[in-house]
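Going down the list, the sequences are from chains A and B. Read the first sequence against my numbering and you will find it ends at 225, with the numbers running on by one and no gaps. Read the second sequence against my numbering and you will find it ends at 242, with the numbers running on by one and no gaps.
Bear in mind the hints are in silico, worked out from the structure with no lab data behind them. Please note that a few of the clues may not be correct.
Partner residues are not named here, just some residues of chain A that face chain B (Cβ under 7 Å, in silico) [as the list claims (entries may be wrong)]:
id, residue
1, L60
2, P62
3, F68
4, G69
Cut-off 20 Å, straight-line C-alpha distance, at most; resulting in silico cross-link-like pairs (SDA-like, lysine to any residue) [what the hints assert, rightly or not]:
id, chain 1, residue 1, chain 2, residue 2
5, A, K200, B, L193
6, B, K192, B, S170
7, B, K192, A, K149
8, B, K137, A, K149
9, B, K192, A, T87
10, A, K149, A, T87
11, B, K192, A, L57
12, A, K200, B, L194
13, A, K143, B, L194
14, A, K200, A, Q71
15, B, K192, A, F68
Given the structure is predicted, the values throughout are model-derived calculations rather than measurements. Just so you know, even glycine gets a beta-carbon here, dropped at the ideal spot from N, CA and C.
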Amino acid sequence: MSNYHVQPIDRPQALTTEALKSLREHPVQGMSRRRLLRISLGGGIALWLTELAGGSLHFLWPNLSGGFGDQHFRIGTLDDVKIANSTLPVAAGFPAYFSEARAFIVLIDPARQAFVPGEDVKGDGTELNVRALYQRCPHLGCKPNACLKNFWLECPCHGSRYDRLGVKAAGDKYGPAPRSMDRFAVTVEADGTLYLNTSKITLGPLPVALGQPGIIPPKSPTGCI
Amino acid sequence: MSFLERVDTTIRRSPVWRSLFRNAYPNDERSRAYAVMNNVFLHLHPVRVRQHAVRFAYTFCLGGLSFFLFLVLTVTGVYLMFFYVPSDTQAYTNILDIQTKVAFGLITRNIHRWGAHLMVFFVFLHMMRVFYHGAYKPPREFNWVVGVLLLFLTVGLSFTGYLLPWDQISYWAITIGTNMAGYLPLINTPFKLLLLGSLEVGQNTLLRFYVLHIMALPLITAAFLAVHFWRIRKDGGISGPL
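When you get a sec, could you build the whole thing from the sequences and use the hints?
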């Protein structure tokens with residue numbers, strides 16, 4: 001029964017105004033009801049605010065799947081790559097550009113026309129027969145372009161030149177970039193589908209002098225820039 | 001009593017009038033103070049202002065000018081919102097349309113842009129003025145802190161608004177600005193992700209900056225402005241000459 005039904009006459013007679021006043025002054029043993037309620041109220045509000053802050057952060061946290069930053073970005077099989085770049089000699093090892101992934105996909109050994117199933121977190125990709133290069137030039141961040149004349153990647157901003165696998169040619173003559181192009185971690189599934197981890201980037205190795213092993217010489221002496 | 005006088009009396013005695021204007025027209029000092037205290041907007045201000053405080057050369061009206069520019073920016077910003085879509089394909093075209101096809105669009109956008117520059121400038125000058133007058137000293141130290149927050153909010157509004165034209169200069173300015181956020185200790189990558197909505201400046205970033213610019217930051221700023229003005233009264237009015 002709620003207190004609304006208590007008539008004023010039913011109140012205990014001892015609780016006069018004076019008695020209530022003196023009770024208010026009287027210190028309570030242990031935790032008072034007022035203190036308990038205040039702590040629970042404060043705790044409740046604090047808990048709610050924490051939940052609200054956490055929920056808001058979670059709400060605003062960007063969902064990177066399907067775009068750049070996706071840890072399992074689907075590129076497709078070698079045939080998919082060829083179809084998507086039908087005008088380019090992808091089968092001969094020419095870099096194929098995927099703007100959504102910010103990546104160049106390069107077949108390492110054109111003699112083997114397939115991606116080999118496996119995983120390469122370092123992004124070297126020799127065992128998988130595929131390498132995914134991050135589009136960002138390690139010099140100042142422009143996007144190098146693949147050149148059909150010499151099968152190299154050339155940065156239009158300051159002239160850094162890389163072979164088709166993204167290895168920087170050593171020497172000022174080949175531009176100012178301090179290292180080779182950066183690589184994404186790659187996975188090839190059993191059916192030959194290539195996936196990139198676009199949030200895992202491994203820095204490219206140091207430049208290699210032209211003529212040394214580890215760099216593919218240009219197909220023609222002049223390039224596109 | 002003429003007819004007009006009777007109409008006038010009836011209006012003044014009506015419940016609506018008496019609810020809106022709760023005091024008679026204040027004619028003496030006491031009723032003027034009462035009218036200020038009873039008004040929701042005016043009560044933020046001190047009821048009385050000391051004579052030195054209204055000297056132009058003491059404050060140069062710098063705080064008032066900053067607030068005036070905030071109001072101008074709010075009004076022109078609302079006008080601009082009618083013609084602006086925060087989309088990476090439309091934003092830049094919308095800006096061009098505002099400037100060339102919308103009646104008074106060019107002047108509205110220019111007032112908004114110059115007002116924004118001036119507001120940052122005047123907030124900075126206001127801070128200098130308060131500093132050189134030592135007006136940050138107790139009992140006004142809390143209001144100095146509120147003022148510093150308002151400075152950050154002003155800069156934040158300026159920064160978020162800078163991206164909205166979606167041209168080369170804004171794109172790269174925000175790229176640089178958010179790359180700086182990437183050097184924060186501990187929370188660099190999460191903070192950058194939350195600010196950008198992706199790993200690089202794009203559609204998500206434009207939308208986030210738009211929401212911050214037109215809704216979140218102005219609301220927070222307005223709340224702190226109210227506290228800032230009210231605190232002047234509570235801290236004993238404007239500081240005196242040194």
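Status of each hint after checking the structure:
| no. | hint | verdict |
| --- | --- | --- |
| 1 | L60 | holds, 6 Å |
| 2 | P62 | holds, 5 Å |
| 3 | F68 | holds, 6 Å |
| 4 | G69 | holds, 4 Å |
| 5 | K200(A) <-> L193(B) | holds, 15 Å |
| 6 | K192(B) <-> S170(B) | holds, 17 Å |
| 7 | K192(B) <-> K149(A) | violated, 40 Å |
| 8 | K137(B) <-> K149(A) | violated, 71 Å |
| 9 | K192(B) <-> T87(A) | violated, 38 Å |
| 10 | K149(A) <-> T87(A) | holds, 14 Å |
| 11 | K192(B) <-> L57(A) | holds, 13 Å |
| 12 | K200(A) <-> L194(B) | holds, 19 Å |
| 13 | K143(A) <-> L194(B) | violated, 25 Å |
| 14 | K200(A) <-> Q71(A) | holds, 8 Å |
| 15 | K192(B) <-> F68(A) | holds, 15 Å |
The structure is inconsistent with the numbered hints 7, 8, 9 and 13, although it conforms to all the rest.
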